[in-house]
Amino acid sequence: MEHALPAGETGKRIARLQEQLKAGGYAGMLVSQNTDLYYLTGTMQAGYLFVPDEGEPTLYVRRSVARAERESRVRTKPLGSFKAFGAELAADFPPLTGSGERRTVLTPLDALPAQLYLRLAELLRGAGAELADGSAMMRRLRMVKSLHEIGRIQAAARAAAEALDEALPLLREGVTELEWMAAYEHAVRKRGHIGTMRMRAYNLEVLTGMVGAGEAAAEPSAFDGPAGGRGLGPAAAQSVSRRPIGRNEPILIDIGCCIDGYIIDQTRTAVIGALPDDLLAAYETSVRIIRRAEELLVPGTPAERLYEEAIRMADEAGLADHFMGFGADRVRFLGHGIGLEVDEWPVLARGFDMPLEPGMVIAVEPKFTFPGRGVVGIENSYAVQSEGPPLALTLTPERLIRLP
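At position 260 of the sequence shown (counting the first as 1) the number is 260 in the UniProt record's numbering, and the numbers step up by one without a gap.
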């Protein structure tokens, strides 16, 4: 069977994880969340991966064992009885109990239901180990991408660019946001989009994208972004609505694509006719901000500096109140890491002072929200390189899309 992950990818990732476990004095990492499992094993079949601080990891599979055995790049075995899982771990990994001291096992608590945490903690206590939070370690591990991962994001970018080209001729006055989004989704699905873009944060969902025209794009939502969209109702209160698209109003096209699990995130602004002068000026400010961000997307720059620079430029343009949302619904970041999930590290935000590193892939999205009128802005995704400017991953031409 052909693997989405080439040989050696998971081995390098596990080796990096084990280095961090040893440095912290931890016994191992227990992983159960889908994207973390895929990242470290090559399969998303349901189960638990235990990575010891040294030695071979084991994936304990609930279902489907047969499929996991075909897909997994690590040692794989059936889970068996969950009640006996703690004893099975202790038998398979004697260092957990052999020293006579209670050792610490990490697990990413940011993606673990409380009920499951309590059960796992009890099982591990019975095996002589304590469970602690490994969220930061896992997110740091995943935020630097390999050449293979960047290649998959580039494949998603190609599919998104081609699908947008196919769907743009259908963006006409009177077409609803939903109708046009369906055309884009059809085009991108034909090119291998898996149909979803995963998020890690609790209760946050993202669809293939958000297309919002006029005031519908500027409607606030629970989505942690500068423009969530009106949506189809309270049960889907983000993304597209049934609102017809009109003339001389901003159309925010915030779309993505996910190929082999890896995501591209991009935004373009369109208009049928012409934008009002003040919205055009705001759009041009977003372009200037992203140009400045490109200058700072180099190794060693603290992630928060890009946000602070963007705030300064928005303020100088007289647009601070509209930057990345409006009023109480503004978000406090300029961009975010992308990969297997939309909301990866690093975050371009105050307090996120870690220096940028080669291999980080970041979506930068300066946008301006005008209540009752619309949202304008741009979003590109980049890979930080060892030397020189960042590698632009977004392939859709960067322009204000003017439609007749």
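Treat the hints loosely; a few may be bogus.
[Claimed, not checked] When the alpha-carbon atoms are kept at most 27 Å apart in a straight line, the in silico DSSO-like pairs for lysine-lysine are as follows:
{"hint": "1", "residue 1": "K77", "residue 2": "K12"}
{"hint": "2", "residue 1": "K77", "residue 2": "K22"}
{"hint": "3", "residue 1": "K22", "residue 2": "K12"}
What the hints contain is simulated information worked out from the structure, not anything from laboratory work.
Hint numbers not upheld by this structure, sorted from lowest to highest: Every hint satisfied by this model.
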